[in-house]
Each structure stands twice: as C-alpha cells, then as structure tokens.
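Participant: Chain by chain, the residues:
There are 2 protein chains.
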Amino acid sequence: MNETRYISPETQFCELKQPVILESGQVLIGVQVAYRTWGKLNPERNNAVVICHALTGWADADQWWDPLFGPGKALDTEKDFIICSNVLGSCYGTTGPTSVNPETGCPYGPDFPRITIRDMVRVQAALLDELEVAKVKLVIGGSLGGMQVLEWGVMYPEKVEAIATFAASGRHSSWCIGLSEAQRQAIYADPYWRGGYYTIEQPPAAGLSAARMMAMCSYRSWASLEQKFGRNKGADGNWEIVNYLHHQGQKLVNRFDANSYITLTYAMDSHDVSRGIGDYDSVLASIQQPTLVVAIDSDVLYPPVEQEKLAQLIPNAQLGWLNSPHGHDAFLIDMEDLNAMVVNFRQSLDWNAANRDRSHLSRIWRVDN
Amino acid sequence: MNETRYISPETQFCELKQPVILESGQVLIGVQVAYRTWGKLNPERNNAVVICHALTGWADADQWWDPLFGPGKALDTEKDFIICSNVLGSCYGTTGPTSVNPETGCPYGPDFPRITIRDMVRVQAALLDELEVAKVKLVIGGSLGGMQVLEWGVMYPEKVEAIATFAASGRHSSWCIGLSEAQRQAIYADPYWRGGYYTIEQPPAAGLSAARMMAMCSYRSWASLEQKFGRNKGADGNWEIVNYLHHQGQKLVNRFDANSYITLTYAMDSHDVSRGIGDYDSVLASIQQPTLVVAIDSDVLYPPVEQEKLAQLIPNAQLGWLNSPHGHDAFLIDMEDLNAMVVNFRQSLDWNAANRDRSHLSRIWRVDN
Numbered sequence: 002m003n004e005t006r007y008i009s010p011e012t013q014f015c016e017l018k019q020p021v022i023l024e025s026g027q028v029l030i031g032v033q034v035a036y037r038t039w040g041k042l043n044p045e046r047n048n049a050v051v052i053c054h055a056l057t058g059w060a061d062a063d064q065w066w067d068p069l070f071g072p073g074k075a076l077d078t079e080k081d082f083i084i085c086s087n088v089l090g091s092c093y094g095t096t097g098p099t100s101v102n103p104e105t106g107c108p109y110g111p112d113f114p115r116i117t118i119r120d121m122v123r124v125q126a127a128l129l130d131e132l133e134v135a136k137v138k139l140v141i142g143g144s145l146g147g148m149q150v151l152e153w154g155v156m157y158p159e160k161v162e163a164i165a166t167f168a169a170s171g172r173h174s175s176w177c178i179g180l181s182e183a184q185r186q187a188i189y190a191d192p193y194w195r196g197g198y199y200t201i202e203q204p205p206a207a208g209l210s211a212a213r214m215m216a217m218c219s220y221r222s223w224a225s226l227e228q229k230f231g232r233n234k235g236a237d238g239n240w241e242i243v244n245y246l247h248h249q250g251q252k253l254v255n256r257f258d259a260n261s262y263i264t265l266t267y268a269m270d271s272h273d274v275s276r277g278i279g280d281y282d283s284v285l286a287s288i289q290q291p292t293l294v295v296a297i298d299s300d301v302l303y304p305p306v307e308q309e310k311l312a313q314l315i316p317n318a319q320l321g322w323l324n325s326p327h328g329h330d331a332f333l334i335d336m337e338d339l340n341a342m343v344v345n346f347r348q349s350l351d352w353n354a355a356n357r358d359r360s361h362l363s364r365i366w367r368v369d370n
Numbered sequence: 002m003n004e005t006r007y008i009s010p011e012t013q014f015c016e017l018k019q020p021v022i023l024e025s026g027q028v029l030i031g032v033q034v035a036y037r038t039w040g041k042l043n044p045e046r047n048n049a050v051v052i053c054h055a056l057t058g059w060a061d062a063d064q065w066w067d068p069l070f071g072p073g074k075a076l077d078t079e080k081d082f083i084i085c086s087n088v089l090g091s092c093y094g095t096t097g098p099t100s101v102n103p104e105t106g107c108p109y110g111p112d113f114p115r116i117t118i119r120d121m122v123r124v125q126a127a128l129l130d131e132l133e134v135a136k137v138k139l140v141i142g143g144s145l146g147g148m149q150v151l152e153w154g155v156m157y158p159e160k161v162e163a164i165a166t167f168a169a170s171g172r173h174s175s176w177c178i179g180l181s182e183a184q185r186q187a188i189y190a191d192p193y194w195r196g197g198y199y200t201i202e203q204p205p206a207a208g209l210s211a212a213r214m215m216a217m218c219s220y221r222s223w224a225s226l227e228q229k230f231g232r233n234k235g236a237d238g239n240w241e242i243v244n245y246l247h248h249q250g251q252k253l254v255n256r257f258d259a260n261s262y263i264t265l266t267y268a269m270d271s272h273d274v275s276r277g278i279g280d281y282d283s284v285l286a287s288i289q290q291p292t293l294v295v296a297i298d299s300d301v302l303y304p305p306v307e308q309e310k311l312a313q314l315i316p317n318a319q320l321g322w323l324n325s326p327h328g329h330d331a332f333l334i335d336m337e338d339l340n341a342m343v344v345n346f347r348q349s350l351d352w353n354a355a356n357r358d359r360s361h362l363s364r365i366w367r368v369d370n
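Chains V and P, in that order, give the protein sequences.
Counting with my numbering, you get residues 2 to 370 for the letters of the first sequence.
Counting with my numbering, you get residues 2 to 370 for the letters of the second sequence.
If you are wondering where the hints come from, they were derived from the structure by calculation, not from laboratory data.
Here the structure is a predicted model, which means the values were calculated and not measured.
Honestly, I wouldn't trust all of these hints.
[Unchecked claim] Keeping only pairs whose Cα atoms sit at most 30 Å apart, straight-line, the calculated DSSO-like set for lysine-lysine is: (1) P:K310 x V:K229; (2) V:K310 x P:K234; (3) P:K310 x V:K234; (4) P:K252 x P:K234.
[Unchecked claim] Far from chain V, by Cβ distances over 10 Å, these chain P residues were calculated: (5) P20; (6) I22; (7) L42; (8) N47; (9) D61.
For each residue, glycine too, the CB sits at the ideal point set by N, CA and C.
Using the sequences and the accompanying hints, generate a full structural model.
Facilitator: The structure is reproduced here in structure tokens:
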C-alpha cells in the first residue's frame, strides 16, 4: 500500500459500546465504525436511509454514487437522514484485519475472524442504535451492498420500511464462489502473502493485483470491453485492455488490504439469507417490505435469471431492469438511470403511504429503462 | 509437474526438414511435431481431415472427442484420413518451451519466441506436406482450435475444402485478452515462476493452479455450476465448487507447463485473421470455403453476438447453435449434439459436390439443436 486509503475529513467514528457477537460465536470488542451522514434526522427519528457499499467501497457514498444524491434524488439530502458506514472487515476505518486487536495490541491481520453479511448488518444496526434512529425508511445498495440490503430486510422487519437491492442475490452462487476462490488463490500464490502476515511495506501486491484484474473482467462484459478497448494498443505497444487492468490492479493495491479482500470475499461466499433459519424460498417469501430489485441485463455475476427469481420470491418486490452494456458494474456507471428507478420506487412508496393501499405492489412489475 | 504428461504410444513424431519462419521473423530449426492419424490416406491423397485442439489439448483427439469418431460420424474413420497434431508452443511432444533449443542445448523455457495462430497453422501445413497430403476435406476445431480453423481457411484457400469452427472468434476480444492477462499475472505472482526459469521439480504450481481456476469458471456458466454444485459442501466442509476448482487446478499443474500456458495464451491474444492483410470484414468475406460456425448459447468467452457476426461475415457460412447450459466447454461436453451438426454439415457438402450447386449454401441457416 503506497498510498493512504482516502477517508474524507467528514468521516465520523463510533466505537460500539457493546461487544459484537459474530454469527460464528466469536466476539469482537471495541468495534469501531467509520460512517458518513447527510441530511438531518427528524424529530420522530424515522427518516433514516441506509446505504450499503460494495466490496471495495467505503463510507463516502457521495463520491461513488454522486448522481443519486440531492434534493428530489434517490437519496434526498433535504428529506432523508442518510447514513453510509464502512463495513465490518473492510479497511476504511471500520474494524477489520488492519485494525489493532485490543486483546493483543497487534493488528488482527489474517487472525481477523471469518465474518458474514449478517455480522456486517448487525454492526450497522448497532451504529443506528447509537445514533438513536427509530425507523429506517430505506436500505439501499448494490452487489455486496445488495446482499446486506436483503439481510436488513430479513433481520429487521420492524425497523426497515423498504429495501432496494441492485445486482445482488439472496445467496452467493457456485459461479461467484468459484470466481472468489480463484481470486483468493492468486493472492495466496504471492510470496509476500506470507499466510497473511505481510508487512504494510511489502503487501502481496502482485497477487492482489491479479485478483483485481480477474474481478474487473467479471464486473464488466464482453460488449463493454469491446466497445471501450477493442483490440486497440497503447503507445507502449500493449493492449489497452491490458494496460487498463494493470492500472486497476495497482489502484486497488494502493487502496485496499489483502486480508480485508480475503475476509470480505469469504463473507460474500457465506451469503445466504436462509442460512440456518429455513428454506430459501420461504425466507425470501417472509420479506414483507416493499422491495426494489434492480437487475442488470448484462451482469455475468448475478445474471438475469437469478434476479428474476429473486424478485419473484419476494412478495412485495418490483423488478427493474437496468439495461446497460456495462455488466455488473452498471450500478456504479449508469447512475442516472438507477437514480430514476429509485426515485420512481420511492414515489410509489409515498403514494401508498398516503393512500394506505399497497395492493398494487403485491405483484411484480417491470421498470424497463 | 508431478506426473508425466500423457502421450499415447500411437503418437508419431515428425521433425520438419525446413526451418519454421515465424510471423515475428524469428526462425525455429529442428521443429518436432507430435501427431496422431486415424483412417487411411486415399490414393488421390485428398481425404484428409485436420483436427485443431484447444488450449491445453493434445494430439490424442480420440480421447477428448471420442463421440465424434467412427464410421458415419463427424470424423469418419472409414472414409477420412484424420490428423491431429499437438500445436507449436504446447508441451505434448511438439516443439515448445519445454523442448531443447538446438542452438543452446538447453530447454527454451521463457525464451521460446512469441508465436501466433498462423505459426501453429504453418507448422501443421508443413506436417501435411511431409505426409504428402494433397487436399484437406475439412479442418475442424473449437476455441483455440477454432481460431486455427479460421486461419486455415484464410491461409490455404486452395488446399482446404471446408472448415468447421466451434466457440471461437475471428479475432480475440478485449474481454478474452483481459481474462488471459489476469491468468498470466497469477502465474507471475508465484515465487516459483522465477521469470520463467523455474525447474521441473518446482514449477509455479500455485500460480498456474489459480490461473486454471479462473479459466475453468470462464469455460462454464452460472447455470452450469449452479446445477452441478450449487451451494453444496463436501465432507471436508468446503464448497464443492472450491474443491472442484482445486482439483482442476492441480490436474493442470500435473499435466501442463506454465511457459507453454503463457506462450499459448499470448498466441490467442494475437489472434486476428485480418492482422496485417486487410480489414477484418473483408478478410472474413474472402473465405470461400463452406464453413460451419457453431455457437454455444451460454458461452461467456465467445458470446452469441460475436458468433452471429462471424457467421454473417463469412459468405458460405452456416451458423449452428449448440444450446447448452455448460458454457464455452460445451464443445467438449455436448459432443453428441456437436457430432450431429458436423455430420449434417458434411452431408450437405457431399450433396453439393454431387449436384455441383452450392447456391443454397450462400446464406446463413440455423442448425438449431
């Protein structure tokens, strides 16, 4: 890591008073949560909107989701009290492998426990308790963020009024687990990995970079890369796509921790909203909140067939199609379209609240874009 | 490499009398070609069928394409003189990085020159000259094999009567180049890579295995892995998909050379039938042979849109759809269906030869399966 990981000066930090009991039974004490807020919590303390970020994201959601922020936008800075916290296990200020273990005085490193999506959500819920938020109007996020959104819906049915999940599944597929594992193995192949006990000066840069290159391909699509790079070569005689991937690999090495990458990909692989509590279909059927499921037609990681099934299984779900050539990452690229879908969804929620009639939501409808 | 790479006792070896002048201008002397033949060359010496194998394939095509072999099959062992040779740059008996460089007395290793698909085809053509084959009735192959097939069509219009390419493109896409590069970087990240100067006892096993895991995912599809493994765990508590990928990774380490993997993936990235000779559309339009293009509907590497364009650009092409959940590798899995398509194609060739009318071939038609 040659650069400091950027955390904006507006970032706030909360040390949770209670220990966090992980799903594994392990206990984390002194958990710190890095978070940002926008807008004001109303006197009723019921206008919170929770943003859940993706794998290598962080709390400064206005940086990576700017077009969704503003008056009248998906994230209404005038009406909402918007909160985004860095997830447990990450390396942007919330407790994770780079944090000091209060029991040993040393960074956790590879000894940071295996965590799950539910553990991430519990930490977010604990933060909201510290902020004395009574109700959450909406939980919203894509990819790993979307997995958290679904767990929010299942775990906190009384607290959460609506959820919006983009390019995510109710349980991680075999295909996604396989791609995660190949990426982890590339990191482990790096001699600087040292079983996770690497130094800040000598991280497993080559392995993490190779993992990121692999991941970047999976975040895009054949058509997207063909359109952007084709078989063009740069001034150095290399394929432009190769230079692009090296650039992306190096960027991630500069801003992300390999142990966090391992921790978070394992958490994604563990993702299954029904784990230990029932069969998959029934658990999704138990989600009562109005739900927006946004599927990306060119997503190779969470393909249309999986998104359609997800929307079918959640009783009050709307399925919106983000038609884009850009693949999985479209929720971070085609943001104007995404914003429009969320605005539309939120307007329908307001209309229903005013009319006390949710019957027209009890079926799937399409927000073709 | 803990196991000897299997080469059947029926394999024959031919040392080319002429030096091979590579597209790069470099010259290889004493090139050896490992090959298998089935059936007999007829007195007219015009019943040859050339099989081109995929990335990690080898000359024993009857082992990996058994359902296509036999009387009345796609590869008719009674009528055809079938030839399959290991490609230049591979490690199954044809000259490649593991071969001894006659100029130095040492294995080429990473100093083996960069080669192209055209170089592979030139070596195959030289073998056919040594065998005094006058005409080739059909060149057939999938993936890297399909790239060779297309180059055969462009490079030897007088010698080749028909071509059949499966799950391949006329030029390697940005997407495929990106996935190749990520795999190479995983190999380079391994400390045993040593710039390619590794020993037989200590190959870059972890890196090559990680590369293979990544590749295996790309050879299948979301649906294929979901159907086969889902979220099942093995007796060891690991995901079945993870165990499967580790098994596949180790298998490749046991049977393949990392420098060959690098050499052949670079060759695939170089693939463009129009390179240096014209624009892409015109070069494909110059292919006059009857052509069977088989597209796999679930192929993420060479997706339907690319296959359709390929078939549209080749004047005498038929487009056949291999509808399969298995992704790119379907040409090695759904072999009965593939066989039926090739048999059908060859019957149409025979019918046309008998009737001296190829007009009905001058359009694209679909062999839906």
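Participant: Taking the earlier hints as the rules, which of them does this structure contradict?
Facilitator: none
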